[in-house]
Amino acid sequence: MARKFLFVALLFILILAGSVVSMADEDNSTVLNNDNANTETPLETSGNLFDNFIGNSPEYETAVAAAEDAVDEAYSAEAVIERYGSLFFDEEVQSEIKFINIINIEHDGKSKNVRDCMISALVADDVDLDYDESLVLMIFIKKDNKFEPLTDPVEGYAWFLTKVSFPNAGKDNPNHMRFVVFPKNSYNNLELNVNLQITDMEHVVVVPKLKEYLINAQQSLKRFLDIIYESE
Amino acid sequence: MRLSNVDFKKSILMIFLFLLCFFQMGILWSEKNPGVLFSFSHSVRGNDFVDINEVKENYYRPKEILISSGKGDLYWKLDSKSNLYRSIWNDFKDSYLSQIIQSKPSIRDKDYEQSWEYLSRMKSIIVEFGYEIPSGVIQWMENLDTASLSAIPNIYKIAIHPSEDINNDKNTLYVYDGSNVYKYVVTIKQGNMKKEDYIKAIETAAENEFVVPMNRLITYNPITEQRELLVCLSDEERKIWDLLLTTPDRIVLKKDNIETVQDYLLDEYKGSMVSKWSEDGTNIIFSDPEKVYRYYNNGLLEYQNRYKEAVDKGRVEEALAEALTFIEYRRRDLIEGADIILSDISDKGRYYAFTFDYIVDDMKVKVLRTRTGTVEPAIVINAVKDRVLDAKWYIKTFANNDYSNVYNMSFFRFYERQFIREYPDLRNKPVILDVSNEYLFSDIGTRAEPFWLIETNSNQLIFVGMQGKE
Numbered sequence: 001m002a003r004k005f006l007f008v009a010l011l012f013i014l015i016l017a018g019s020v021v022s023m024a025d026e027d028n029s030t031v032l033n034n035d036n037a038n039t040e041t042p043l044e045t046s047g048n049l050f051d052n053f054i055g056n057s058p059e060y061e062t063a064v065a066a067a068e069d070a071v072d073e074a075y076s077a078e079a080v081i082e083r084y085g086s087l088f089f090d091e092e093v094q095s096e097i098k099f100i101n102i103i104n105i106e107h108d109g110k111s112k113n114v115r116d117c118m119i120s121a122l123v124a125d126d127v128d129l130d131y132d133e134s135l136v137l138m139i140f141i142k143k144d145n146k147f148e149p150l151t152d153p154v155e156g157y158a159w160f161l162t163k164v165s166f167p168n169a170g171k172d173n174p175n176h177m178r179f180v181v182f183p184k185n186s187y188n189n190l191e192l193n194v195n196l197q198i199t200d201m202e203h204v205v206v207v208p209k210l211k212e213y214l215i216n217a218q219q220s221l222k223r224f225l226d227i228i229y230e231s232e
Numbered sequence: 001m002r003l004s005n006v007d008f009k010k011s012i013l014m015i016f017l018f019l020l021c022f023f024q025m026g027i028l029w030s031e032k033n034p035g036v037l038f039s040f041s042h043s044v045r046g047n048d049f050v051d052i053n054e055v056k057e058n059y060y061r062p063k064e065i066l067i068s069s070g071k072g073d074l075y076w077k078l079d080s081k082s083n084l085y086r087s088i089w090n091d092f093k094d095s096y097l098s099q100i101i102q103s104k105p106s107i108r109d110k111d112y113e114q115s116w117e118y119l120s121r122m123k124s125i126i127v128e129f130g131y132e133i134p135s136g137v138i139q140w141m142e143n144l145d146t147a148s149l150s151a152i153p154n155i156y157k158i159a160i161h162p163s164e165d166i167n168n169d170k171n172t173l174y175v176y177d178g179s180n181v182y183k184y185v186v187t188i189k190q191g192n193m194k195k196e197d198y199i200k201a202i203e204t205a206a207e208n209e210f211v212v213p214m215n216r217l218i219t220y221n222p223i224t225e226q227r228e229l230l231v232c233l234s235d236e237e238r239k240i241w242d243l244l245l246t247t248p249d250r251i252v253l254k255k256d257n258i259e260t261v262q263d264y265l266l267d268e269y270k271g272s273m274v275s276k277w278s279e280d281g282t283n284i285i286f287s288d289p290e291k292v293y294r295y296y297n298n299g300l301l302e303y304q305n306r307y308k309e310a311v312d313k314g315r316v317e318e319a320l321a322e323a324l325t326f327i328e329y330r331r332r333d334l335i336e337g338a339d340i341i342l343s344d345i346s347d348k349g350r351y352y353a354f355t356f357d358y359i360v361d362d363m364k365v366k367v368l369r370t371r372t373g374t375v376e377p378a379i380v381i382n383a384v385k386d387r388v389l390d391a392k393w394y395i396k397t398f399a400n401n402d403y404s405n406v407y408n409m410s411f412f413r414f415y416e417r418q419f420i421r422e423y424p425d426l427r428n429k430p431v432i433l434d435v436s437n438e439y440l441f442s443d444i445g446t447r448a449e450p451f452w453l454i455e456t457n458s459n460q461l462i463f464v465g466m467q468g469k470e
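For the record, the sequence lines run as chains A and B. Once you know that position 47 of the first sequence is 47 in this note's numbering, the rest is easy, because the numbers rise by one and skip nothing. Once you know that position 407 of the second sequence is 407 in this note's numbering, the rest is easy, because the numbers rise by one and skip nothing.
Read the hints as simulated data drawn from the structure, not as lab findings. Everything numeric in this text was worked out from a predicted model, so none of it was measured.
Result set (DSBU-like, lysine-lysine): computed pairs, CA atoms no more than 30 Å apart in a straight line:
no., chain 1, residue 1, chain 2, residue 2
1, A, Lys110, B, Lys194
2, B, Lys469, A, Lys110
3, B, Lys71, A, Lys112
4, A, Lys142, A, Lys184
5, A, Lys184, B, Lys429
6, B, Lys392, B, Lys348
Reference listing, derived: stretches of chain B covered by chain A, where coverage requires no fewer than 3 residues with Cβ under 8 Å from a Cβ of chain A:
no., stretch
7, 13-25
8, 211-225
Glycine is no exception: its CB is placed at the ideal position from the N, C-alpha and C atoms.
From just these sequences and the hints, can you work out the full model?
Listed below in structure tokens is the structure:
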């Protein structure tokens, strides 16, 4: 009898326990509001939504390209140098206006040649170019009292960073440079201090003492041979 | 006393009913309550056991390893897939980090040894983490003895100067914690790269095919005041694939998939969880008296623990263990094609905030919130010593999309052709804090594309799509 009573009691306890669990409150009103909850209704789409965030729109690029092409059609660096050579290479000329400021001339670390350098120049704060405008930078080096191009002319909007290889090295052989800068779309009408900057600068390629001695000896020998060659 | 045949049958029936009742109750208990000893119902996931000690070291690695040419301005950034990168990082994980943590710094007898900038300009190899890693975290990551107290609070960057010590079995390390420099002379152990290998790596960096030249931006353009900010200025090119990001198939939010979603995303014991769909059907909330999960149909999982007050935040490594367990328990069998790495640790006073990023081909993959236009990390977890307080995680799996392009990595070219034309007001102003190339994906899209990200000192993050050659 006791065994039957125990079994029935156990059965009721188990049923009760099971019922309590299964009838647990499923009311969602206890859910806290999530402060970080995203209230938007995102859906996965395969479309590209980046177009609004990409800097240059195709229309913008086309406009820039069209404007640049129009200038490019007529512009030629060689023609400009030929036309304004007497002004560009006048020894006494220095401009007062500044389209660019030379920031740094640093050795190009990737090269083992101490003469290989990078010239960094920034367009001056007060120069305001339209999106389709650019400046032309020509760098010349003085050799035997004549200016020669140190590198190809470069165009820039805000920053010029160009590699050059200086002909001279050592503190006794400074490199005399001339920077010529003008707005590209004014190439047909260049006037000093109006739309043309001409700035001279000296740069010494620093080399170790021994190397400098060897370079000097090499250059002296070259000059000596040149004199002999010319005298013949 | 012998049982009659009828009584025996009754007893068998009673035992059967008893077992049935017990089993039914077990099912109900296991579904509604945590802590049941035996599993009474089938789980979609196989092995739920997470041994964080086996995987924790995968979550941290250097942001970059650089070889300093000794020319002051030029550095060579190593590709993380190169053997040299792996060998250097293995040396640190196997030996150097433990020696740094467990030994005292050497005395610095030269003036320059106190200047990180000077040291980093000398011929050296620089291991740079993207953030200041607390020593406790490294101690935990490397399974080091917790009794040994490190002399340095954090490790941010380490410069290896292999030529400094004359002994062949010693390497000199300068550790920078973000403000101070500490010098360590460590022992080169069996299996580590030899000293001459380090010296050779520095001397032949320019010929290494797995390097990209980097220059200090401030040397060439004063648009930054960050002396440590390095950018590529030469015309290096790199092929980059667009990425296809999808919510993993197993946890796509559908009416008939809720049980599987619960199995993957909720904690192991989810007995008394209640679920509620949003009215528009775009997300579902699972909650119990302790936790609230909200899961969106774009793969965004938001988690909150209701008990945030009066918590003991504990040590940072304890909180990190909780955060990593949270990720590791959920990511298995779901996320492919990308690594997840720890990108930042921040002490928020009452808790620690951990930022994680997906990484594909050395590029972070971040979220572009289309509604706000802001860029956010894919995973942010706030945790204390014994629990995760909050988490926000875009759960995505990755594959290459059907589109790739060749991109010029020169910052000069980008600045001149794109950036400054779009943002002319920033010209010649020292505003840039950081420059990086990262993937961005829209929170409502399935595609990630490469972008230039420019962080400015006015807390503005400018992002401009990279322009390919083709």
